[in-house]
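Make the full structure from the sequences, and use the hints.
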Amino acid sequence: MATLKMAIDALNKDSQAWSTVSTGLSDCSTAAYDQDVSSGAFPINVPVELHSLYTSLQSKVGRLLSEGATESEAVADELINVRNILEGADEAAQQSIDGLWDFE
Amino acid sequence: MADDYTIYDILNFLNDLQGDIDEMQAAVNNALNNLPWWVPDWAIKPVYDEWNNLCDEWGAMIQDVEDLVDNVGEAWTLRAAAAAWRDQVDNKLTGIPGKVAPGQLSSDDVFSGVSASAYRGVIPNQTAAMNAVKPQYTSKIADGLDDVADAINKSLSTVQEALVALGVAVAGAIVAIAGAAAVIPLIGGIITCIGALATFAVKMMNAKDQLTTDTQTVQSAWDGVKTDWTNFDGEKWPQATFA
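First to last, the protein sequences are chains A and B. Position one of the first sequence corresponds to residue 1 (the numbering used here), numbered consecutively onward. Position one of the second sequence corresponds to residue 1001 (the numbering used here), numbered consecutively onward.
Warning: the hint list may mix true and false statements.
Computed list of lysine-lysine pairs in DSBU-like fashion (alpha-carbon distance at most 35 Å, straight line) [claimed, not checked]:
(1) Lys13/A x Lys1099/B
(2) Lys1226/B x Lys1092/B
(3) Lys1140/B x Lys1203/B
(4) Lys1208/B x Lys60/A
(5) Lys1236/B x Lys60/A
(6) Lys1092/B x Lys13/A
(7) Lys1099/B x Lys1236/B
(8) Lys60/A x Lys1140/B
(9) Lys1099/B x Lys1140/B
(10) Lys60/A x Lys1226/B
(11) Lys1099/B x Lys60/A
(12) Lys60/A x Lys1154/B
(13) Lys1236/B x Lys13/A
(14) Lys5/A x Lys1092/B
(15) Lys1208/B x Lys1154/B
(16) Lys5/A x Lys1099/B
(17) Lys1092/B x Lys60/A
Sample of chain A residues with no beta-carbon within 12 Å of chain B, all distances over it, derived [as the list claims (entries may be wrong)]:
(18) Glu87
(19) Gly88
(20) Ala92
Hint data in this document are derived by calculation from the structure and do not stem from the laboratory. Here a beta-carbon is modelled for each residue, glycine too, at the ideal position from N, C-alpha and C.
Have a look at this one:
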């Protein structure tokens, strides 16, 4: 059976982990968007248009990683919300998570 | 590929070769204009016509080489971009899913309840998405960039080899024509020149065709990356709603 302290520690730890993930994905997203390559670096004397294709892939990866960062931060925020409720003195708030987040 | 070819070096070589080509053309034209009177027109006309055709086409060939080299792309830029994808994106991505891997989290073990269960439910989709980015997308982008760089170098290598072979053939033909005391060796030298130019033209065509084929292979691979949404239903990162 978990104690209140164990529950709060667990929420803090997980929130920190998801926040770290969010920062990492955000950094990767920025790095992906930074990988611009000029059109002249690709062959332009062939009937293949690689530059626009590359740019679309760069945008796709950058966008997905950015979305991942947002989702991870949302997880971190939600866990912190639960922790704040558990730590707080608001009985109504604590009752509101009964059946949702039970640790005893 | 060990080294990226220097376009500047190839254009310099081409410039140097142009001088030899001019010398060869002068030698052949001089020889054709000073054939013995007894050589019949019907015997020399095909050689003469072919030679004139190649001389007319030579300018276009040179233009083709310059166009190919000028527009072939920048292998070194693509390689740098591939390295950056691996270093700045792939390497950073590698350690991220482990932060929320099974065994690293605590709340999913401590809590029960509807939201706690929902929380447990979103974790696999999130980690699956994180783990998918590198093999599905970023590694293939980097590999494609390297493949295009390889294709560029292969094309330039073919051009360079063709130019070197042409240079050797031209130098030999100049010597043969200039030293020919009889008609047969003279015509043989001219035919060698024609053959050298024709071979060069074929090699140039092959270089362009190979570049097209290689870049089409990358295009096909990248088209696959573009349309691959495995682990990303709805073409989005999985949502992590569980409140």
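Hint by hint, here is what the structure shows:
{"no.": "1", "hint": "Lys13/A x Lys1099/B", "verdict": "holds, 11 Å"}
{"no.": "2", "hint": "Lys1226/B x Lys1092/B", "verdict": "holds, 22 Å"}
{"no.": "3", "hint": "Lys1140/B x Lys1203/B", "verdict": "holds, 31 Å"}
{"no.": "4", "hint": "Lys1208/B x Lys60/A", "verdict": "holds, 31 Å"}
{"no.": "5", "hint": "Lys1236/B x Lys60/A", "verdict": "holds, 10 Å"}
{"no.": "6", "hint": "Lys1092/B x Lys13/A", "verdict": "holds, 21 Å"}
{"no.": "7", "hint": "Lys1099/B x Lys1236/B", "verdict": "holds, 22 Å"}
{"no.": "8", "hint": "Lys60/A x Lys1140/B", "verdict": "holds, 13 Å"}
{"no.": "9", "hint": "Lys1099/B x Lys1140/B", "verdict": "holds, 24 Å"}
{"no.": "10", "hint": "Lys60/A x Lys1226/B", "verdict": "holds, 8 Å"}
{"no.": "11", "hint": "Lys1099/B x Lys60/A", "verdict": "holds, 24 Å"}
{"no.": "12", "hint": "Lys60/A x Lys1154/B", "verdict": "holds, 30 Å"}
{"no.": "13", "hint": "Lys1236/B x Lys13/A", "verdict": "holds, 27 Å"}
{"no.": "14", "hint": "Lys5/A x Lys1092/B", "verdict": "holds, 33 Å"}
{"no.": "15", "hint": "Lys1208/B x Lys1154/B", "verdict": "holds, 10 Å"}
{"no.": "16", "hint": "Lys5/A x Lys1099/B", "verdict": "holds, 22 Å"}
{"no.": "17", "hint": "Lys1092/B x Lys60/A", "verdict": "holds, 18 Å"}
{"no.": "18", "hint": "Glu87", "verdict": "holds, 15 Å"}
{"no.": "19", "hint": "Gly88", "verdict": "holds, 17 Å"}
{"no.": "20", "hint": "Ala92", "verdict": "holds, 17 Å"}
Going through the hint list in order, the structure satisfies each hint without exception.
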